[in-house]
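A.B. asks: Sequence:
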Amino acid sequence: MGPAGAARARPPRTVHAPRRPRPRLCLLYELAAVAAWITVIALTVTGAVHGARPQAPAPAGEAPHHHTAPSHAAHAVPGAGVVGGLAMWALMCVAMMLPAALPALAHVGANSLRRRRQRAMAGFAAVYLAMWTGYGALLLALAPLWSRLPADAVLACALALAAGWQRTVHKRRALRDCHRSSPLPAGGLRALAGTGRFGLRHGGACLRSCWALMLVMAVAGGGPGMLGWMAALTAIVTTERFARTPRRSANLAAAALAAAALAVALTPALT
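For the record, in the sequence shown the residue sitting at position 80 is 76 according to my numbering, with numbers rising by one throughout.
Be aware that one or more of the hints could be misleading.
Quick list of simulated restraints, FRET-style, between CB atoms [stated by the list, open to error]:
hint : residue 1 : residue 2 : range
1    : G219      : L258      : 39 to 45 Å
2    : V41       : P179      : 41 to 47 Å
3    : I34       : P99       : 22 to 28 Å
4    : V165      : G224      : 39 to 45 Å
5    : L258      : L23       : 24 to 30 Å
6    : R186      : G224      : 42 to 48 Å
7    : Q114      : R144      : 34 to 40 Å
Honestly, the hints are just simulated from the structure, not real lab data. Treat the numbers as computed from the prediction; the structure is a model and nothing was measured. Just so it is clear, CB atoms sit at the ideal spot from N, CA and C, and this is done for glycine as well.
Please work from the sequences and hints to get the whole structure.
C.D. replies: Here's what the structure looks like:
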C-alpha cells in the first residue's frame, strides 16, 4: 500500500471534549473552618478570651491565688457566662474538628441528589457539631472540679491522660470507625434519616477518639498559649484522619503528648 493509501486508512483523530472540573463539595465547610480560626485568633489578640476563671474574693489578709487552673471553656467571653463559654467552645470545635469531618462531608455530598446535596451536608455537619457542643457543655459543668487546682498540674494530668488514651485499644477502634463510611439513600425521608444516623455514628466515633485531646483544650486556658495548643491538637486530629496509617500517627501523637505532659509538670520546678 502506497503512502496515499496509508493516509486514507489512518483513522481520524478523536477530539476529546474538555473535562468539566469537579466542584469542591466541601469548599463552604473549609471556608467555615478558616473563618472560625480567624475569629478565635481575633478574639485572643483583642483580649476577649481570658485565661482564667473569675476568682472568689480572697479572705482578708490572704493573697489571691494566681495559679489556679484556667478554663476558657467556661468564661471565654467576658460577661457572657455559660452561654458565651459554650459559644466559644462551639467556635473552637468548628476550627479544630470540622477539618477532620471533611471526608465524611464529601461522602454525604457525593451520595446525595444534587437538589438536596447542600441540605444533606448541612444536616450532617449540624449533627456532628452538636455532639461536640454537648461534650463542651459537659466539660463546662465539670469545670469547677479543677478550676481551683494548680494549673500546671491539671494540664500535665490532662496531657498524660490524652497520651495514655492514644495507646488504648478503644482509641484504635474509634479511629477505625472514623474512617468508615455508610451507604446513604438518595432521596426522601430515608435519605434524611440516613444522613442523621451517619452524623451520629461518625460524630460518636470522632468523640470517642478525640475526647481526651479536647479535654486538654478545656484546661489549657486562654491567651496566646491557647492558640498554640489549638494548633498542635488540630494537627494531631487532622493527621490521624487523613494519614494512610492512622495507628502509627496515633502512637507518634502519644509520644508527643507524653513529652508535653512531662515538660509542663517540670516547668514549676525549673522556674
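A.B. asks: A separate judgement is required for each hint: does it hold in the structure or not?
C.D. replies: Tested hints:
{"no.": "1", "hint": "G219 / L258: 39 to 45 Å", "verdict": "22 Å, violated"}
{"no.": "2", "hint": "V41 / P179: 41 to 47 Å", "verdict": "45 Å, holds"}
{"no.": "3", "hint": "I34 / P99: 22 to 28 Å", "verdict": "23 Å, holds"}
{"no.": "4", "hint": "V165 / G224: 39 to 45 Å", "verdict": "30 Å, violated"}
{"no.": "5", "hint": "L258 / L23: 24 to 30 Å", "verdict": "41 Å, violated"}
{"no.": "6", "hint": "R186 / G224: 42 to 48 Å", "verdict": "45 Å, holds"}
{"no.": "7", "hint": "Q114 / R144: 34 to 40 Å", "verdict": "46 Å, violated"}
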